[in-house]
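Peer 1: Residues per chain, in single letters:
Number of protein chains: 4
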Amino acid sequence: MALTGVLRPGHVALRVMDLPAAVTHYTEVLGLREVGRDASGRVYLKAWDEADHHSVVLRETTEAGMDYMGWRVDSDATLDRFAGELERSGLASETSWIAAGEHLATGRRFRFTIPTGHAMELYAHKEITGCATGYLNPEPWPDGLQGMAPSRFDHCLLYGDDLDGTVRLFTEILGFGLTEQVVAGPDKLQIAAFLSCSNKAHDVAFIRQPMKNKFHHASFQLDSWHEVLRAADIISKKKVSLDLGPTRHGITRGETIYFFDPSGNRNEVFSGGYIYYPDKPTITWTDDQLGPAIFYHDRKVNDAFLSVVT
Amino acid sequence: MALTGVLRPGHVALRVMDLPAAVTHYTEVLGLREVGRDASGRVYLKAWDEADHHSVVLRETTEAGMDYMGWRVDSDATLDRFAGELERSGLASETSWIAAGEHLATGRRFRFTIPTGHAMELYAHKEITGCATGYLNPEPWPDGLQGMAPSRFDHCLLYGDDLDGTVRLFTEILGFGLTEQVVAGPDKLQIAAFLSCSNKAHDVAFIRQPMKNKFHHASFQLDSWHEVLRAADIISKKKVSLDLGPTRHGITRGETIYFFDPSGNRNEVFSGGYIYYPDKPTITWTDDQLGPAIFYHDRKVNDAFLSVVT
Amino acid sequence: MALTGVLRPGHVALRVMDLPAAVTHYTEVLGLREVGRDASGRVYLKAWDEADHHSVVLRETTEAGMDYMGWRVDSDATLDRFAGELERSGLASETSWIAAGEHLATGRRFRFTIPTGHAMELYAHKEITGCATGYLNPEPWPDGLQGMAPSRFDHCLLYGDDLDGTVRLFTEILGFGLTEQVVAGPDKLQIAAFLSCSNKAHDVAFIRQPMKNKFHHASFQLDSWHEVLRAADIISKKKVSLDLGPTRHGITRGETIYFFDPSGNRNEVFSGGYIYYPDKPTITWTDDQLGPAIFYHDRKVNDAFLSVVT
Amino acid sequence: MALTGVLRPGHVALRVMDLPAAVTHYTEVLGLREVGRDASGRVYLKAWDEADHHSVVLRETTEAGMDYMGWRVDSDATLDRFAGELERSGLASETSWIAAGEHLATGRRFRFTIPTGHAMELYAHKEITGCATGYLNPEPWPDGLQGMAPSRFDHCLLYGDDLDGTVRLFTEILGFGLTEQVVAGPDKLQIAAFLSCSNKAHDVAFIRQPMKNKFHHASFQLDSWHEVLRAADIISKKKVSLDLGPTRHGITRGETIYFFDPSGNRNEVFSGGYIYYPDKPTITWTDDQLGPAIFYHDRKVNDAFLSVVT
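Residue numbers (this note's numbering), protein chains in the order written: chain Y, 1 to 310; chain P, 1 to 310; chain D, 1 to 310; chain V, 1 to 310.
Don't take each hint at face value.
Note that identical chains are pooled: a pair holds if it fits in a single copy or bridges any two copies.
Said to hold, decoys possible - The list that follows gives simulated cross-link-like pairs (lysine-lysine, DSBU-like), each with its CA atoms no further than 30 Å apart: (1) Lys238 <-> Lys212; (2) Lys188 <-> Lys237; (3) Lys237 <-> Lys300; (4) Lys188 <-> Lys300; (5) Lys239 <-> Lys300; (6) Lys300 <-> Lys212; (7) Lys188 <-> Lys239; (8) Lys238 <-> Lys300; (9) Lys212 <-> Lys237; (10) Lys238 <-> Lys188.
I should point out that these hints are in silico values taken from the structure, not numbers from a laboratory.
Starting from the given sequences, assemble the full structure and let the hints guide the process.
Peer 2: Next up, the structure:
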């Protein structure tokens, strides 16, 4: 196969403080479909064009944020190989195996903590329950969509301290490409890194910041700038807390809008971007251009956007 | 790297009967940029968001059609490995090595003929001359675009007899995934195959048809359905021969328009589609749904679209 | 008031052969809302952004087509004045008054037949029941829309013989402007006329053709080219008979798609166009450019589009 | 004619502090075409789809702002009638006649000051030099557009003290309709009024504010939300001062972006809206909903937007 190793961000597990309110948000506002609940009360959801059983897991607790992000790898052999390499790398800590079935419809997962403090996991099996339009003479989109109705979970942006270590882990061990970066000061310290295991402009991104294990946003894909406007309208119609947008990012050139779930976890829906290849030169933004890098139209560094995390 | 082996369709070499008219078409109508001419008179062009030196090569001769399609592989080692496997496979014929420099700015290429009669080539090196917006604090799109201004060359659709052999070559040797197929009759004979070496819905596609080595179209990527309308307007403003569209494909669900270059080679510009992964189930269309499979809105089999090839 | 006299096309009364099928089409496919039924079984519908009680009336009978088109005038005084002028003009025939209440929620109507054989009526009163978003802190669009969900009934295109007489009636008596026309042959015979009583590119249009009183289509307004694509998708998803599109008209430069109700009455949904003023020069199309005038991208005279009427 | 009296906002005369910089802005960024300069050095411009000679006039002086706004009326008779009614109304002050030719290609103008302190003028004649696509078999859009390339000058928003008097003048004398209003406090004091002489959602609007004769923005029409994004990109590419957007207004539901010319005069480009009729109920916004009324997505009262005027 031409796509090997880590195939995609397969799930994000979020902590919410009011599960019914969160489920209403993720189904009626964002427009995912609930696909199951497990014995511990976690709620599993997916977007309409995803083949896998689920891509979002919600857990009720007293503090918002991200529990972990899961990555689908191409095979058991790759899973074992990566687990071994991560164990030996010195970059991963708190490594452990989670038994098959701990997540609904999901095989064994290798859990580890990356240098920025975030929990990540790799897995090779999750039941393919199919997308909403099926695989035989499919319609281009399904009936009965509600809310913003993104086609897929796309990526997360995370904040943490040891950006260098995390970038090394993703690029040197897991084979990601560095698609874009922001560098600051005369020494061109890398303060943001956008990483891809695919043709997408990013599958995960990190910002250098003093605290470990902070969550900035989980992002979902829309088809067009027109759908970004519709999402913006839905945010107001449903009295959802808007963060920023609609606008365009300089980084990735995506068209975007940010908002918050009822627990304060930030969501993004976006469209556009470009096709990335591993031999494409990395795009570098200098900190004097941080404004347009983040929000291309405003061109201003927005403190709330940079500092509010869960 | 997560993307390995064959990375992308790197170039398509087209035969045209009037080179100046063709260059005018591919630059002013389609909106590529001419990047060079070689000693044999061939003209090299690229789209604005492509990093590589070129993606389209035009050669003047007495008959239109496609000379060959070239694929960028990830390394010299992969190039040698694939060359060996193709030699041994019994699926590739007329194999040969073309010396570095035969194409401007391009390394050695391994040329071979696939069972449907089309010439293909693999290469590991082509000069990265950069996209039009650069890699330091880039704008989202460059100034001075003309015509439809696609961001990339995307794929070709080709017609030929031994579809089974060609699909085996691309999937079993080169590692492509079968994203969609059309099957006909009670025996579900595969009559069309869409193949991807990436997250794209297709990088090349083939239709079963009695004659060898026929070219249906070369396709270029636009950002939105709005740009498809603009392309349609340009087709009429510039008195270009329209084939079909604007419309949507059932297959790939892309938004599309088809037209002809002055020699009768069909071009497509399109937007949309989905993100493909190698474990995504293949979408199958049955021949009773061939109409919506091809043109989702018309839902009619269009003879000219199916039969006019070069 | 700056807008006086005839304000707008207020309703179109269509004949259908299967009322339940028609109601399903006009509500679930087109996306109007049923607002009432009268004692004679007629069904009244309106689009979501219309203030008036209804804009479409469906009557079941054995033959499809248009019964009449109704025009809202600014006052009773204007209604009486136009009735008198039409009576005296020699251009209107079969004049009559229809009592208030014959249409639900509608005042008296002055009915007359125009030289092309179509029944028209003027009225000054129809109950304003309000648009779906209301008039106090309204949302930009309502929840619960289904189908294509146009904002308004926009215009009709009608076919008939005495185009000259009909154009005189609308321009000389009712004060419409001739926004665009098609002229044919060395004598520049007017074969199509587009007429506006507003800032719209047309409120009604006529094609010269031998038979009297033929109906080509009733048209409804969408917000964008993106919604035209969505309408095209709905046509295929719901197995509706497509006529033509999505494409652009040369005339009015609107973005459009045509389809048929279950009785064979043609519908259009469209977006775009321009702002018309009565002192704007009339746009003239010559018959050698009839192709792009009608369908700008195809640039071909389409026999079915020109000849299939009800 | 169905459109009578005041037909449209025909021109806006703006004061700029650096004429060459302003001309560069209005031609290369906004995308108007310069059509002439007069003996006093004023520069005349128009948008591509306007038939009249000009719609924007720039005058260099030491302070930015609006000199006056001009309205095309349907005839000399109407011009004389309105002049007389305005003289007698007690609502207009500083009335005067300006001779034909004082503006290039323009007939005599009746100048007056409205209760909010703004200079307005009426005129019946301006040379129709035609739009860029002409009136014989026109293309849907012209070649050679630059910048945002709006199709028309659309409206102004003005700030002043005696809102009641100005609304009376426009509605009672000039026949405008009140399309939307904002009311504040228990007494529902009208603090904003949107006025239309056409089917447009507004041709001019006023905000109640203590100072006389303040200019908030001049607005120009785009075709789509996609063009609003393109305008936003151009603002950043050309380093223009952005005010706000892209976003949607609650009022008029238009899609919009605001920015400043080099002298600090605010410009808007927008798309969308609805079709207004004089019998459409006025939309009322209450001051507790002022946030979404102005910027539907942010839903926040923006002090800079409300207070920065020229």
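Peer 1: Does each hint fit the structure? Answer for all of them.
Peer 2: Structure-based check of each hint:
Taking the shortest alpha-carbon separations for Lys238 and Lys212, neither the intra-copy value of 33 Å nor the inter-copy value of 39 Å comes in at or below 30 Å. With identical chains, the CA atoms of Lys188 and Lys237 are at most 30 Å apart between copies only, with a shortest distance of 24 Å across copies and 43 Å within one. For a Cα distance limit of 30 Å, the shortest separation of Lys237 from Lys300 qualifies both inside one copy, at 27 Å, and across copies, at 14 Å. With identical chains, the CA atoms of Lys188 and Lys300 are at most 30 Å apart within one copy only, with a shortest distance of 20 Å there and 37 Å across copies.
Taking CA atoms no more than 30 Å apart as the test, Lys239 paired with Lys300 passes in both settings, with 26 Å inside one copy and 12 Å between copies. For the homomeric pair Lys300 and Lys212, the shortest alpha-carbon distance inside one copy (26 Å) is at most 30 Å, but the shortest distance between copies (33 Å) is not. When the C-alpha separation of Lys188 and Lys239 is checked against a cutoff of 30 Å, the pair qualifies only between copies, where the shortest distance is 25 Å, while the shortest distance within a copy is 41 Å. When the C-alpha separation of Lys238 and Lys300 is checked against a cutoff of 30 Å, the pair qualifies both within a copy, at 28 Å, and between copies, at 16 Å.
In this homomeric assembly, Lys212 and Lys237 never come within 30 Å of each other (Cα to Cα): the closest approach is 35 Å inside a single copy and 36 Å across copies. When the C-alpha separation of Lys238 and Lys188 is checked against a cutoff of 30 Å, the pair qualifies only between copies, where the shortest distance is 26 Å, while the shortest distance within a copy is 43 Å.
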